[in-house]
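Colleague: One-letter residues, chain by chain:
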Amino acid sequence: MIRNRWLLFPLLLALVLGLSYAVLSLPDQAAGLQKIAADKIEASGVSNPVTAVLLNFRGYDTLLETVVLLVALLGVWSLGGTDLRREIAPGPVLDTLARLLVPVLILVAAYLLWIGAHAPGGAFQAGAVLGAAGVLLLLAGWRPRAALMAWPVRLVIVAGPAVFMAMAALLYGLEGQLLEYPPAKAGTLILVLETVATVSIGATLAALFLGCRPPNKKEHS
Amino acid sequence: MEAITLLLWLFDTLLGLGLLWLAWSALACPDLFRAIVLFVAFGLLLTLAWVRLDAPDVALAEAAIGAGLTGALLMAALAQLQHIRIVAAQGDAAQPPIDNASNDQPKINEGKGEER
Numbered sequence: 001m002i003r004n005r006w007l008l009f010p011l012l013l014a015l016v017l018g019l020s021y022a023v024l025s026l027p028d029q030a031a032g033l034q035k036i037a038a039d040k041i042e043a044s045g046v047s048n049p050v051t052a053v054l055l056n057f058r059g060y061d062t063l064l065e066t067v068v069l070l071v072a073l074l075g076v077w078s079l080g081g082t083d084l085r086r087e088i089a090p091g092p093v094l095d096t097l098a099r100l101l102v103p104v105l106i107l108v109a110a111y112l113l114w115i116g117a118h119a120p121g122g123a124f125q126a127g128a129v130l131g132a133a134g135v136l137l138l139l140a141g142w143r144p145r146a147a148l149m150a151w152p153v154r155l156v157i158v159a160g161p162a163v164f165m166a167m168a169a170l171l172y173g174l175e176g177q178l179l180e181y182p183p184a185k186a187g188t189l190i191l192v193l194e195t196v197a198t199v200s201i202g203a204t205l206a207a208l209f210l211g212c213r214p215p216n217k218k219e220h221s
Numbered sequence: 222m223e224a225i226t227l228l229l230w231l232f233d234t235l236l237g238l239g240l241l242w243l244a245w246s247a248l249a250c251p252d253l254f255r256a257i258v259l260f261v262a263f264g265l266l267l268t269l270a271w272v273r274l275d276a277p278d279v280a281l282a283e284a285a286i287g288a289g290l291t292g293a294l295l296m297a298a299l300a301q302l303q304h305i306r307i308v309a310a311q312g313d314a315a316q317p318p319i320d321n322a323s324n325d326q327p328k329i330n331e332g333k334g335e336e337r
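Line by line, the protein sequences are chains A and B. Numbered by the numbering used here, the letters in the first sequence go through residues 1 to 221 in order. Numbered by the numbering used here, the letters in the second sequence go through residues 222 to 337 in order.
Same shape as in the complex, but just chain B (with noise of 0.2 Å):
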């Protein structure tokens, strides 16, 4: 009894360090797509940190919104914004001489609907 006493509480610190320390890479970590990985796995700490708090409805809750989509969603929206990017490299890049028209065409595309 005293034994898996003891082995809880060092499960749940290990738990909250490990969640103190996955929530600071995420948010300190430079490349994008890597702070949403740890994002993702911060979640899915927090969910098993929730089950131990005996509240298993914030924990699916947590593990389907918090680590499941909202992860699909930001990197979504990465997806986004390296598109945006790239857009914005081959417009400036486009603007001098035209090298490539083939490779330019589907740009000057979404350019319209961008538009629109």
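Only chain A is shown next, with the shape it has when bound in the complex (with noise of 0.2 Å):
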């Protein structure tokens, strides 16, 4: 344990010099790609120069994102877990306020997506509020059917990968690029893979933390 400690001291020190470094040499004004991003703003459909970095020009990083919650979500239900909180029925306060809640959180999901175009906003956050909805529910003790575990469940979390892979496919048969969208029609087609990739991602993150696995056809007969 002794000679582990004494060798961990100079591989820290070599990261933390190593660290400070690359800190100090990095230049003081870089010149960054803010003005190449903000002349082709036009052309990207939205007004919101984050939205049209994530959504337009670095397209297929949201698409890998996508993909990265549902290898996440499926590295989850191989695990198996078991449903913890079956039988715990929520006190009343904790049902009225998810009753009150859930309205707006949903409300709110929706304005975050419709405003992404032109301020702060988009896909990832208004998820992100719909999955905190959904994970308000289940504290609450509300559980899926296993009926709409088995595949409609199923079907939400995989449209938003699904479609935006469709969506890059079609697109690189049209317009030769991946993920390049046609300027007239860039705002309705971002809009579009936003809105499925919104409910995906709520659906994923209220999967996530649900934790087991959905039961199987197979299973069940």
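It cannot be assumed that every hint is accurate.
Between beta-carbon pairs, the in silico distance windows are [as the list claims (entries may be wrong)]:
| id | chain 1 | residue 1 | chain 2 | residue 2 | range |
| --- | --- | --- | --- | --- | --- |
| 1 | B | His304 | A | Phe9 | 35 to 43 Å |
| 2 | A | Asp39 | B | His304 | 40 to 48 Å |
| 3 | A | Gly173 | B | Ile305 | 35 to 43 Å |
| 4 | A | Leu12 | B | Trp242 | 34 to 42 Å |
| 5 | A | Leu178 | B | His304 | 17 to 25 Å |
| 6 | A | Asp39 | B | Ser246 | 31 to 39 Å |
| 7 | B | Leu227 | A | Ala166 | 51 to 59 Å |
| 8 | A | Leu12 | B | Asp275 | 46 to 54 Å |
| 9 | B | Phe254 | A | Ala162 | 33 to 41 Å |
| 10 | B | Phe254 | A | Leu24 | 34 to 42 Å |
| 11 | A | Gln34 | B | His304 | 33 to 41 Å |
| 12 | A | Ala147 | B | Cys250 | 30 to 38 Å |
Honestly, the hints are just simulated from the structure, not real lab data. All C-beta atoms in this analysis are idealised placements derived from N, C-alpha and C, irrespective of residue type, glycine included.
Bring the two chains, given one by one in their own frames, into a single complex with the hints.
Modeller: Structural data, given as structure tokens:
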């Protein structure tokens, strides 16, 4: 143990020195890509530069992010946990709070999604708010029925990456570039993608919280 | 004007120090529940830091995902961990003579569920 500690100290020191050197050697004012992004923002279909970068200029990053979420959920499902909170009835406070808050959260999610085109917001934030609504419902004792978990939930969860990939393939066929929107239709296409992604992300996050794998058809029969 | 600049500088310094302190206490805390609460508090302070850095998009994402949902997920994972520990402890206790069969009944069912 003591030997390990002596080894650890120089390693940590090297890490600190390396990081300090990297930070100190950064240029004072990096040129960055801000100007290029700002110049092309007209053609992106949205006026919020962050959304323009995430959904248009670097669309494939966002595509891969939705896939990462899906893979994370598959990882949790493969652990096959059990649902612990099945028989706990919620108190009246939590029950009323959930009833009041869930519609508001859905509205906030829709607002964040819509405002994302020209102000801070967007699919991931809206999806997280939807996921929070799902977590609240689960905490208040609501459980999706087995029939709902069997394929509708899986369909919604897969829909985000699937629609994204279909759009990418379609645009690759039409425009010759992955996720290169025609400027005239870019705004609509981004909104469609974001809407599907929001619902999908919300469902994925709530399913992550629930944790247990939905029953298989084969296991049931 | 001068006073406001000084006040903001003070706020930023406190924010940075608070973040470092919360990060350290979350990592060093032996009680996992307290560590999760500290992590959520860290996420909320980090949201403020992103707002101070003029990055409202990142602040929104940090508040919703970093502080909110990750905290809920960590709590769910902690509940699963404690459940596994309780089942394991009950399994050890139940191996000698079976004392309270009524209490063991749900555990046996859960054991079957996990084996599937």
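Colleague: Against this structure, judge whether each hint is valid.
Modeller: Structure-based check of each hint:
1. Roughly 39 Å separates the CB atoms of His304 (chain B) and Phe9 (chain A), a value that falls within the hinted 35 to 43 Å.
2. Range check, Asp39 (chain A) to His304 (chain B): about 55 Å between beta-carbon atoms, so the 40 to 48 Å window is missed.
3. Taking 35 to 43 Å as the suggested C-beta distance range, the pair Gly173 (chain A) and Ile305 (chain B) does not conform, at roughly 49 Å.
4. For Leu12 (chain A) and Trp242 (chain B), the Cβ-Cβ distance of about 20 Å falls outside the hinted range of 34 to 42 Å, so the restraint is violated.
5. Between Leu178 (chain A) and His304 (chain B) the beta carbon distance is about 44 Å. The supplied range of 17 to 25 Å is therefore violated.
6. Judged by the Cβ atoms, the range 31 to 39 Å given for Asp39 (chain A) and Ser246 (chain B) is violated: they are separated by roughly 46 Å.
7. The hint said 51 to 59 Å for the Cβ distance between Leu227 (chain B) and Ala166 (chain A), and at roughly 55 Å that hint holds.
8. For Leu12 (chain A) and Asp275 (chain B), the hinted distance range of 46 to 54 Å is not satisfied, since their beta carbons lie about 33 Å from each other.
9. With their beta carbons about 38 Å apart, Phe254 (chain B) and Ala162 (chain A) fall inside the hinted range of 33 to 41 Å.
10. At about 39 Å, the beta-carbon gap between Phe254 (chain B) and Leu24 (chain A) stays in the expected band of 34 to 42 Å.
11. In this structure the supplied range 33 to 41 Å is violated for Gln34 (chain A) paired with His304 (chain B), their Cβ-Cβ distance being about 49 Å.
12. In this structure the hint that Ala147 (chain A) and Cys250 (chain B) lie 30 to 38 Å apart at CB is violated, the actual value being about 43 Å.
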